[in-house]
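Residue numbers (my numbering), protein chains in the order written: chain A, 1 to 91; chain B, 1 to 441.
Wrong hints could be hidden among the right ones.
Calculated lysine to any residue pairs in the SDA-like style (CA-CA distance at most 25 Å, straight line) [said to hold, decoys possible]:
| # | chain 1 | residue 1 | chain 2 | residue 2 |
| --- | --- | --- | --- | --- |
| 1 | B | K101 | B | Q246 |
| 2 | A | K52 | B | K101 |
| 3 | B | K310 | A | E81 |
| 4 | B | K141 | B | E87 |
| 5 | A | K52 | B | G182 |
| 6 | B | K198 | A | K43 |
| 7 | A | K52 | B | K141 |
| 8 | B | K280 | B | P385 |
| 9 | A | K13 | B | T33 |
| 10 | B | K266 | A | S63 |
| 11 | B | K266 | B | G291 |
| 12 | A | K52 | A | D34 |
| 13 | A | K43 | B | L207 |
| 14 | B | K266 | B | L99 |
| 15 | A | K13 | B | E51 |
A short list of chain B residues far from chain A (calculated; beta carbon distances all over 12 Å) [claimed, not checked]:
| # | residue |
| --- | --- |
| 16 | I40 |
| 17 | K310 |
| 18 | A324 |
| 19 | T344 |
| 20 | I408 |
| 21 | F421 |
| 22 | S428 |
| 23 | T430 |
Just so you know, these hints were derived from the structure itself, not from any lab.
Glycine included, C-beta positions come from ideal geometry on N, C-alpha and C.
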Amino acid sequence: MAVKVLVPTPLQKFTNNQATIECEGSNVDELINDLETNCPGIKARICDETGKPRRFLNLYVNSEDIRFLEGTETSLQDGDEVSIVPAVAGG
Amino acid sequence: MTESPKREKQIMIQATKTKAPTFTKLVSKEGSTEYPLKAIHICEETFAPLEVAYDYDAIRAQVSRESIQAGPNSIWRYKAFLPVESENPIDVGTGMTPLVKSHRLARRLGLKNLYIKNDAVNMPTLSFKDRVVSVALTRAKELGFTTVSCASTGNLANSTAAIAASAGLDCCVFIPADLEAGKVLGTLIYNPTVMAVKGNYDQVNRLCCEVGNSYGWGFVNINLRPYYSEGSKTLGFEVAEQLGWQLPDRIVAPLASGSLYTKIYKGFQEFVKVGLVEDKHVRFNGAQAEGCSPIAQAFKEGRDFIAPVKPNTIAKSIAIGNPADGIYALDLARKTDGHIDSVTDAEIVEGIKLLAETEGIFTETAGGTTIAVLKKQVEAGIIDPEETTVAYITGNGLKTQEAVQGYIGEPLTIEPKLDSFERALERSRTLERLEWQQTLV
Chain A
1 MAVKVLVPTP LQKFTNNQAT IECEGSNVDE LINDLETNCP GIKARICDET
51 GKPRRFLNLY VNSEDIRFLE GTETSLQDGD EVSIVPAVAG G
Chain B
1 MTESPKREKQ IMIQATKTKA PTFTKLVSKE GSTEYPLKAI HICEETFAPL
51 EVAYDYDAIR AQVSRESIQA GPNSIWRYKA FLPVESENPI DVGTGMTPLV
101 KSHRLARRLG LKNLYIKNDA VNMPTLSFKD RVVSVALTRA KELGFTTVSC
151 ASTGNLANST AAIAASAGLD CCVFIPADLE AGKVLGTLIY NPTVMAVKGN
201 YDQVNRLCCE VGNSYGWGFV NINLRPYYSE GSKTLGFEVA EQLGWQLPDR
251 IVAPLASGSL YTKIYKGFQE FVKVGLVEDK HVRFNGAQAE GCSPIAQAFK
301 EGRDFIAPVK PNTIAKSIAI GNPADGIYAL DLARKTDGHI DSVTDAEIVE
351 GIKLLAETEG IFTETAGGTT IAVLKKQVEA GIIDPEETTV AYITGNGLKT
401 QEAVQGYIGE PLTIEPKLDS FERALERSRT LERLEWQQTL V
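Same shape as in the complex, but just chain B (with noise of 0.2 Å):
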């Protein structure tokens, strides 16, 4: 039944309007001590990450799948949620990114119920990293912030340097001096402080840890982590809404600190608690590029701790050697009976090209690793062909661009005549692309 245009009126204001917060306190993931809700992020007795704790009857009472649905198009629609107060949180149009239906990789692969989650053009940078800096800017200037900051390989920097802007927050970002161009200029564009650290993103955020002790900044990924890694769940929230309301079967998502991909299950696990769906035992499948691959060397050895490694990957975007939360995603892979798995740099390279060719989605060596992942566990018989699979593509491929230069050919050279052109498409049909390269007709 459409509803008439008041009622959409009133719905619309019903679900603007100011309500109670629904987030009470930070736990230990490790325990149970309990912390108020300030910018600290660590357990001092045991130094385990806080986690966010809200009182789900009191979502339960704010939320319907209508009152949802009239919300904005964007994260905040599902505010409740989300460890915000203000009324008017930082919008600038993050999620609600398309979940495309695959046929054609799908066909490729042999699935038949595939999904592209495709945050490759999540707003305002391009990156999932958008939901996540949102909730930490919100809840930054919530706390009385003026200056934000994180420690970055990339995404990330370019997410808070655009939302601190759109803001009016000062910005200072560190990164690995070796970074990609694209994510490095993708980051100066919006005139933030730019520190590029001769070292590797662990050794990044190590420095970072020691400059927020005396600096007093905000960094979202530092003291306000329990606030802004709450922003991946909606991740979750949005696959499940845009499947008509229901969960998937699998899904295969990156793993590099192992954070988006336990928030997506515990989007999942919320949207059960409060009845929006109904439960379902959703298997959790991870992706790691070979040269950095913690998890992925833990979950094959049977291990029950993560031993750091020192990344080597094309794979920059998750190319963290010692994940935070590595042993959550260690744990929720074995008891939803998924699988982790990693992958080459070669493959990682052909799963961008792949996803390209057959849907049109060009992402970054993180997608590319997922995609990799995803056509090695198909082919191994791990995924089942009929179950509704879910892949989420995290970044898009212009920030990385070097990571597949010579090995995609280059355009055909040839005169303004139709006769260059007429020999340019008979040797395009002849040769193979790479031969292409240099040619000129």
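The shape of chain A in the complex, shown without the other chains (with noise of 0.2 Å):
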């Protein structure tokens, strides 16, 4: 089941630098430890030391925060985007 990541540029150093990269997965959580067996070191950037994303990163799944979903519990979708964006001042 392929899940197109959207990759923020500091993250881009562990994906050779390509801002997608396809991964498997049948909820986020998984995403996350499939990103990392291709991508190694980067889950340590994702997640904080309790393994949950960390406060200042926001990941969506198809443009929906997972804050409004159920979290890194959301269920992924063949053909599913998730983006990895880092918070941003308002205006």
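With the hints as a guide, bring the two chains together.
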């Protein structure tokens, strides 16, 4: 089951400078683990010591913030798109 | 003592001559990781925002109350505290807006020392955003950008487009598609490329992060954010200077991303640090619209994290459901013994009307939110009537006319005859104002 992951610039050093990468996973948790398998070291940047996504990082499944879904338990389908986006200031 | 013209000229020259930059590096707000002064905005390790660090000894050596007063009548009188190197930063007359001593609103609320910081008349686009954009675009030019951009709830788009036009920079702005007509028109007129995104502000921001990754543009609120946000400090500097080089007891400001609120605090602290004002415990009160109040909710519930929300309010300029500086705003309110509250859309409209009717200032929904929260907090006994309180009005009501339409009545339509006028005048004295609507006398 292929899911497209959009990777922000600061993490692209782990993805061979690729802005998008295809990974597998039936939910966001599994996706992050698969991302780590393909791009060693990336999970420690995405998640804090407790294994949860860092508070300054937002994860979206098909444009919806996972905090409005089921967090890292949010299930994924073939062809879904997951964006990893740092929080930014407003205006 | 009045300065002689020759001495005045010497002070002016002193104030405008080239000086070594006072900003030294970018530092993560979480931890101490340092970064060079480039177009980057987040810590690569934690994704925490980056903040500009200064050499305060260098600033102290450069500025005095006199040198600031002899500087330009704009935010650039505080240039030593801002992250730009240019001898001639982009100066479109931004800043030094009036600090109005309130009499009628103060009396209505039962306050004795209320001031209104009126950025509804900030130049050139009538909101506080001109402050941050003047700084961001000056820095953008220094860093070699030729195209600038932003994700905006309206005011920032107006400001970025206008100041980019003035500076000769290409501009592409992103706004939510449902924005107020005045804010869309007030951007298009400067001839930028405008992308109206079918989504809310948080979705616009997400898209811009993805665009910013690949187009190499200077996004004022993304990769230029560390520089951009510093411009809000001038709202603190000006209030301190306009109060006669002293800090107020309390401020009330609107909260969107939380950046403005925390930078006013930073501005006050910097003035204390370099000896321009005496230290004082300033309480920071914050205002949100109930339909988008993630920071107020966290404050009320005693939480130390912000749960994002989906905005549903007329106060679109502050409708940020996922505020990047929310936790810092929360910390600030708590450590200064301040208070964050939210108000309904109906209270916001009443706040806009109250400020207009008592002080002659027509603000937009963010200002209505501030005034409504001020009123609520006075009534709740949170604000002491004797305190010197400053309410920040950050935008102009002419841009969001939709918000008050239907709540302020209509003109009395009359025939061009004296008796028609007299009947209408009589009617206006006997009927409630909203009953005038569509009345032909």
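Going through the hints against the structure:
With a CA separation close to 15 Å, the supplied pair B:K101 and B:Q246 stays within the 25 Å bound. Distance check on the hinted pair: A:K52 and B:K101 sit about 49 Å apart at the alpha-carbon level, beyond 25 Å; violated. A distance of roughly 21 Å separates the Cα atoms of B:K310 and A:E81; the hinted pair therefore holds under the 25 Å criterion. This hinted pair checks out: B:K141 and B:E87 have alpha carbons roughly 12 Å apart, not beyond 25 Å.
For the hint linking A:K52 to B:G182, the alpha-carbon distance of about 42 Å lies beyond 25 Å, and the restraint is violated. Pair hint B:K198 plus A:K43 does not hold up; C-alpha atoms about 32 Å apart against a cutoff of 25 Å. The suggested pairing of A:K52 with B:K141 is violated, with an alpha-carbon distance near 39 Å, which exceeds 25 Å. This hinted pair checks out: B:K280 and B:P385 have alpha carbons roughly 18 Å apart, not beyond 25 Å.
Distance restraint check for A:K13 and B:T33: the Cα-Cα separation of roughly 18 Å lies within the 25 Å cut-off, and the hinted pair is therefore satisfied. At roughly 34 Å between alpha-carbon atoms, B:K266 and A:S63 are farther apart than 25 Å, so this suggested pair is violated. For the hint pairing B:K266 with B:G291, the CA-to-CA distance comes to about 28 Å; that exceeds 25 Å, so the pair is violated. Distance restraint check for A:K52 and A:D34: the Cα-Cα separation of roughly 15 Å lies within the 25 Å cut-off, and the hinted pair is therefore satisfied.
The straight-line distance between the Cα atoms of A:K43 and B:L207 is roughly 23 Å, inside the 25 Å bound, and the hint therefore holds. Restraint check for B:K266 and B:L99: the C-alpha separation of about 19 Å stays at or below 25 Å, so the hint holds. As the CA atoms of A:K13 and B:E51 are separated by approximately 23 Å, the hinted pair is consistent with the 25 Å bound. With a cut of 12 Å on Cβ distances, B:I40 falls inside the contact zone with chain A, its closest approach being about 8 Å.
Residue-level check failed: B:K310 sits 7 Å from the nearest beta carbon of chain A, not beyond 12 Å. Not every Cβ of chain A is farther than 12 Å from the Cβ of B:A324; the closest lies at roughly 4 Å, contradicting the non-interface assignment. In this structure B:T344 is separated from chain A by more than 12 Å, as the shortest Cβ-Cβ distance comes to about 22 Å. Separation of B:I408 from chain A is adequate, the least Cβ-Cβ distance of about 28 Å exceeding the 12 Å criterion.
Consistency note on B:F421: stated as away from chain A, and its beta-carbon is indeed over 12 Å from all of that chain's, at 47 Å minimum. The non-interface label for B:S428 is consistent with chain A: the shortest C-beta to C-beta separation is roughly 41 Å, beyond 12 Å. Non-interface call for B:T430 relative to chain A: holds, since the shortest CB-CB distance, roughly 46 Å, exceeds 12 Å.
Comparing the model with each numbered hint stated earlier shows that hints 2, 5, 6, 7, 10, 11, 16, 17, 18 do not hold.
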